[in-house]
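Line by line, the protein sequences give chains Y and Z.
End of the first sequence sits at 398 in my numbering; the numbers just go up one at a time, nothing left out.
End of the second sequence sits at 168 in my numbering; the numbers just go up one at a time, nothing left out.
Source of the hints: derived by calculation from the structure; they are not laboratory data.
Only a predicted model underlies this, so the values are computations on that prediction, with no experimental measurement involved.
Where is the CB? At the ideal position from N, CA and C, for every residue including glycine.
Incorrect hints may appear among the rest.
[As the list claims (entries may be wrong)] Derived DMTMM-like pairs: lysine to aspartate or glutamate, alpha-carbon spacing no greater than 20 Å straight-line:
#1 Z:Lys149 to Y:Asp324
#2 Z:Lys165 to Y:Glu6
#3 Y:Lys346 to Y:Asp324
#4 Z:Lys165 to Y:Glu7
[What the hints assert, rightly or not] Taking CB as the label site, the calculated pair distances span:
#5 Y:Arg185 to Z:Thr56: 45 to 51 Å
#6 Z:Ala47 to Y:Pro226: 48 to 54 Å
#7 Y:Gly277 to Z:Met42: 44 to 50 Å
#8 Y:Glu3 to Z:Cys143: 24 to 30 Å
#9 Z:Glu9 to Y:Asp324: 27 to 33 Å
#10 Z:Ala115 to Y:Asp314: 47 to 53 Å
#11 Y:Thr261 to Z:Ala47: 36 to 42 Å
#12 Z:Cys143 to Y:Thr397: 56 to 62 Å
#13 Z:Ala147 to Y:Pro226: 49 to 55 Å
#14 Y:Ala344 to Z:Ala147: 40 to 46 Å
#15 Z:Ala76 to Y:Thr113: 51 to 57 Å
#16 Z:Glu145 to Y:Asp154: 53 to 59 Å
#17 Y:Glu6 to Z:Ala76: 50 to 56 Å
[Said to hold, decoys possible] Residues from chain Z shown here face chain Y by an in silico Cβ test under 7 Å; the list is partial:
#18 Leu16
#19 Gly17
#20 Tyr20
#21 Ala21
#22 Arg24
#23 Val27
#24 Ala38
#25 Tyr45
#26 Tyr107
#27 Leu110
#28 His129
#29 Ser130
#30 Lys139
#31 Val156
This is what each chain is made of:
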Amino acid sequence: VSEPEEELEIQALQRELDDAFATTRPRPALEDELWLRIQSSRPAPSRLRDAIAGFFQGIRAVPAVPAAAVAALLVIVIGVGIVALSGVRFGPGGASTASQYNGSESDQLALGTFGRLPTPVFNATSKTTAPNATGAGQADLAAPAQLTWTGKLDLKITSAPVFRYREPTTNEADQFASALGAVLRERPPGFLGMYSATDYTLKVRGTVQLPPSSPAYFIFASATMPPVEAAGASPQDLADIFLAQHSLSPQWRYTVSVDGTGDPVRVRYERQFDAPGYGAANLVDINGNRYGLEVDLSANRPVVASGVLPATLDQAGYKIVTADEAIRSALASGGTAPAASGAAIKLNQAELVYVLVPAGDHSFYEPAFLFSGQYQLNGQTLTKRVLVPAVDPSQRTP
Amino acid sequence: VLADRTPFEDLYRDYLGRIYAYVRAQVGTSADAEDITAQVFMNAYQAYARFEPRNTTPAAWLFRIARNATLDHFRAQGRRDRLRRTIEHQPQLEEDPAGQAEERIQYRALLTHVAGLPERQRDAISLRHSGLQFDEVGKLMGCSEDAAKMLYHRAVRALREAVRKEAR
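Isolated chain Z (complex conformation) (with noise of 0.2 Å):
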């Protein structure tokens, strides 16, 4: 059943770091998106039998399940954080060190910036750096590729904004 598609470690080891890359610039930690990423693949691995190539690409089926998972990650944070907020006053988790440490990123405050955006620019910006034509883009967003096309270009003069602001 599998012989005509890519072995699953050759996809795994092809899209780690653009899955890694997509999902880091969106959540504050190192650790959190280890974790993101870790849940992407392994969902990834349940799910390849099932995966038609014939109906999408590689690329736009592992970046589907990235967002699905980075979206999870965002509603139960704010599930804790509301129940955190209600109940005690603990201080917000702080980066791994080892984590920072070892990731490599050279764009840090810019990553930092994209991930301060509204969630629908965020997305827009990570999925099209991340390689993706804005057809699958939209797709995934659940537009069409000229929307998705206009809520990028607004991502980034929102995101320009905000690095001016900053150097101000």
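Next comes chain Y alone, as it looks inside the complex (with noise of 0.2 Å):
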């Protein structure tokens, strides 16, 4: 190899490197997961003395309550603090919101509606993505960001479905498993079972309570996992036999996407649900990132499949805020975005999606906005998102 093709050589390799260090990442939960386990470390009188200085920048934004009153919030504030970090709960079973259901679920239902709904937390979704962090560099540090809406949002409708469903139980991920002619293997922490076949391995998981995930199974080919044979297939093609041969097609309204830049390449069935009026809303995490199911194909060969595991869906229709609240909420929401950006950030598209909800033995797919804009950093285009709850705040619990 003469030199000059060597220096092309080793360039391409770094800029292969460069795409394979930003494109790694962990996967999505561990975010918050770490996150929590970052808070828990903390000693418990820090933790009251932020609860505290919380409540202190609340009162500064309401001038005018007299002093009495702040004392016996302050009281109560203290109260409440003490008992959170003291671990106590009240009432049999802990205040889970599933709780609510006990004993009155099938009145409610029979008046079309769940009750009250459980507010949706969306405190690690004013999200800052960039296809490519390499580069950032140390201007990375955050700022507040200033928010603004440049867009049309026009929502002509009211109100929308809310979709709930019951938590999975080891029977049901048992039947399932079976129905895929895989067996119960055992039943590791943390999932509902795992299970074998004759060329995979299955793992049943349920809801996810924080960071919200849904119920989910994921197929692991073994090294005996024929490859999807048919001439001239694309990999949509192939994740379509492979997934009608295992009876595991979506069951459900979505869109595909296909991202084919790396190995293995994946196919994603991206969930979407119907809210009359408006039409395909997408299923979204708390990042704002589309999922339902998916297939990771290496050389026409399955490697992994993971999805939503089926389930049956009640639906009730709720009211919605209003086009302005819905952004007015997400520019209050503010968030941070790199100082260098300057963080003003437009936002200039929004769209209703769908987001879980956990919510104990009964969990929600609950409607919300989504808002994204794009910006520039060190050349670099970057997308802020933000996810606002759509459901009106007088449906659900304060």
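These two chains come separately, so use the hints to put the complex back together.
Here is the structure:
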């Protein structure tokens, strides 16, 4: 190999390394899981101190509150803080949202409603995403983002369906596995079951409360998994065939995206919900990323398939906020942006989406608004995403 | 005391991906990469009150912690492996399949080659492509900027040879 050729090869390899490091990221749930661990490692007095500091910040925003009321509220906050830190729980089975359904669920269903809904937690959803993190360098220090809205949110609906499912049991996981021809091997911690079939291993997991993750199955191909043979087939065709062979074809509405930039090639079936009067609304995670079902193919061979575990959904209509209210919430959510961006970001797109809201025995897919806008930093185009709940506050638990 | 610095949560959310990628390029499994990354940020959180932004950048500070945690991991793993070889024949730990399914790696094969390089070469490539300047790489590795550049270029050539060898 001549020297110029060698140099070109080295440069190509360096570009590939840049891409490799920029695109290697942990599983999405790690960010919030680890942050919770860090938070829980803090000594209790400092958590209480933060709670009180947060309370005083809230008071500063409402200057007309009489001093006596402040004092009374402070007593309550300190009391609540102490109780929260002590781990004391009131009532049978704790204070989970699911307990609200005990005994009165059938009445609520008869009224065509699920009662008041839990409020989704979007504290980590004012996200800035970079297609290529390398090169952002040390200019990454965050500053409060100044958000403005320059788009158009033409919302013709005043209500949208909320979907509810019951938490899957080990029996249901076993039935799902059995229908695929897989046999129970064990129940590892965090999973409803782990199963074996001729040429793959199956794991089934229930709802993850935080960060919210839908009940899911994971199929890991063993070395004996044969490639899908179909001359001239696209990755999506191959994934379709594989799913059909295993009776896993999505039974819900979806769009397909194919990420063929690496190995394995990833075929994503992005789930959608029908919102009458609006159309199809994508299911997204708390980062605003669409999800549903994924098949990874390496040399025409399925290596991993993972998807939302099938579940029966109940449905009820709920009043949603107006477009103006949604926009105000999005702009008020702020969040942070890299300081070098000037921290002024124009949001110009908004769509109705669905998000998972775990609530114990029953969980919900609730409508939300996903706002986004792009900005430039160090020559890179970054995307800011903001999720805000769509269900009207009057319909949610305080 | 902390008023003049970035809140730790912002630092954490900004750097989690880069630190994970740095660690993941050096260790064999996503489970190990998660454990080490968690250790890095737990250590960083405990030490943040002592972090002095005038002396170093947050990136250099965090990558120093990450480098030490990764070296500790290899030292501990070396001890475990030696012990295992001595007293019993256990199979190598397999990659956790759930982790493999959920982490996002598009260049798994290339990073496997990086992980197979000698320690200092692997470190030079990982630090450099995690976004550090050569002077920062040199400081972290205890050598000059020029030495860091030479080490890095040798490492890239070694990596190219490894990739070529596999392609043959």
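Right, here's what the structure says about each hint:
Restraint check for Lys149 (chain Z) and Asp324 (chain Y): the C-alpha separation of about 55 Å exceeds 20 Å, so the hint is violated. In summary, the hint linking Lys165 (chain Z) to Glu6 (chain Y) is supported, as the alpha carbons are separated by about 15 Å, within the 20 Å threshold. Between Lys346 (chain Y) and Asp324 (chain Y), the direct Cα distance comes to roughly 16 Å. Compliance with the 20 Å bound is thereby established for this hinted pair. Taken as a hint, the Lys165 (chain Z) and Glu7 (chain Y) pair is honoured in the structure, with Cα atoms around 18 Å apart against an allowance of 20 Å.
One distance hint, 45 to 51 Å for the beta-carbon pair Arg185 (chain Y) and Thr56 (chain Z), holds here, with the actual separation near 49 Å. For Ala47 (chain Z) paired with Pro226 (chain Y), a C-beta distance near 52 Å keeps the hint of 48 to 54 Å intact. For the hinted restraint 44 to 50 Å between Gly277 (chain Y) and Met42 (chain Z), the CB-CB distance of approximately 48 Å keeps it satisfied. Hint check: Glu3 (chain Y) to Cys143 (chain Z), Cβ distance near 27 Å, so the stated range 24 to 30 Å holds.
At about 31 Å, the CB distance of Glu9 (chain Z) to Asp324 (chain Y) agrees with the hint of 27 to 33 Å. Distance hint check: the CB atoms of Ala115 (chain Z) and Asp314 (chain Y) are about 48 Å apart, consistent with the given range 47 to 53 Å. At roughly 37 Å, the beta-carbon separation of Thr261 (chain Y) and Ala47 (chain Z) lies within the given 36 to 42 Å, and the hint holds. Against the hinted window of 56 to 62 Å, the Cβ-Cβ separation of Cys143 (chain Z) and Thr397 (chain Y) comes to about 59 Å, which satisfies the hint.
The hinted range of 49 to 55 Å is satisfied by Ala147 (chain Z) and Pro226 (chain Y), whose Cβ atoms lie roughly 51 Å apart. Separation of Ala344 (chain Y) from Ala147 (chain Z) is about 42 Å and conforms to the stated range, judged on CB atoms against 40 to 46 Å. Distance hint check: the CB atoms of Ala76 (chain Z) and Thr113 (chain Y) are about 55 Å apart, consistent with the given range 51 to 57 Å. Checked against the given bound of 53 to 59 Å, the beta carbons of Glu145 (chain Z) and Asp154 (chain Y), roughly 56 Å apart, stay inside it.
For the hinted restraint 50 to 56 Å between Glu6 (chain Y) and Ala76 (chain Z), the CB-CB distance of approximately 39 Å leaves it violated. Annotation: interface hint on Leu16 (chain Z) holds; nearest CB of chain Y at approximately 6 Å, less than 7 Å. The restraint placing Gly17 (chain Z) at the interface with chain Y holds, with a minimum CB-CB distance near 5 Å, inside the 7 Å limit. Contact between Tyr20 (chain Z) and chain Y, as hinted, is supported at the beta carbon level, the nearest pair being about 5 Å apart and thus within 7 Å.
With a least beta-carbon distance of about 4 Å to chain Y, the hint placing Ala21 (chain Z) at the interface is held under the 7 Å criterion. Among the interface hints, the one on Arg24 (chain Z) holds; its C-beta lies about 6 Å from the nearest C-beta in chain Y, closer than the 7 Å criterion. The closest approach between the C-beta of Val27 (chain Z) and any C-beta of chain Y is roughly 12 Å, which is over the 7 Å cut-off, so the hint fails. A hinted interface residue such as Ala38 (chain Z) counts as satisfied when its beta carbon comes closer than 7 Å to some beta carbon of chain Y; here the least separation is about 5 Å, so the hint holds.
Taken as an interface hint, Tyr45 (chain Z) checks out: its beta carbon lies about 5 Å from the nearest beta carbon of chain Y, inside 7 Å. Given hint, Tyr107 (chain Z) at the interface with chain Y, holds; its Cβ is 4 Å from that chain's nearest Cβ, closer than 7 Å. At about 5 Å, the closest approach between the beta carbon of Leu110 (chain Z) and any beta carbon in chain Y falls short of 7 Å, and the interface hint on this residue holds. The interface hint given for His129 (chain Z) holds, since its Cβ lies 4 Å from the closest Cβ of chain Y, which is under the 7 Å cut-off.
For Ser130 (chain Z), the suggested interface contact is upheld, since its CB lies about 6 Å from the closest CB of chain Y, less than 7 Å. With 7 Å as the threshold, the beta carbon of Lys139 (chain Z) stays out of range of chain Y, its nearest partner Cβ sitting at about 14 Å, so the hint is violated. Given hint, Val156 (chain Z) at the interface with chain Y, holds; its Cβ is 6 Å from that chain's nearest Cβ, closer than 7 Å.
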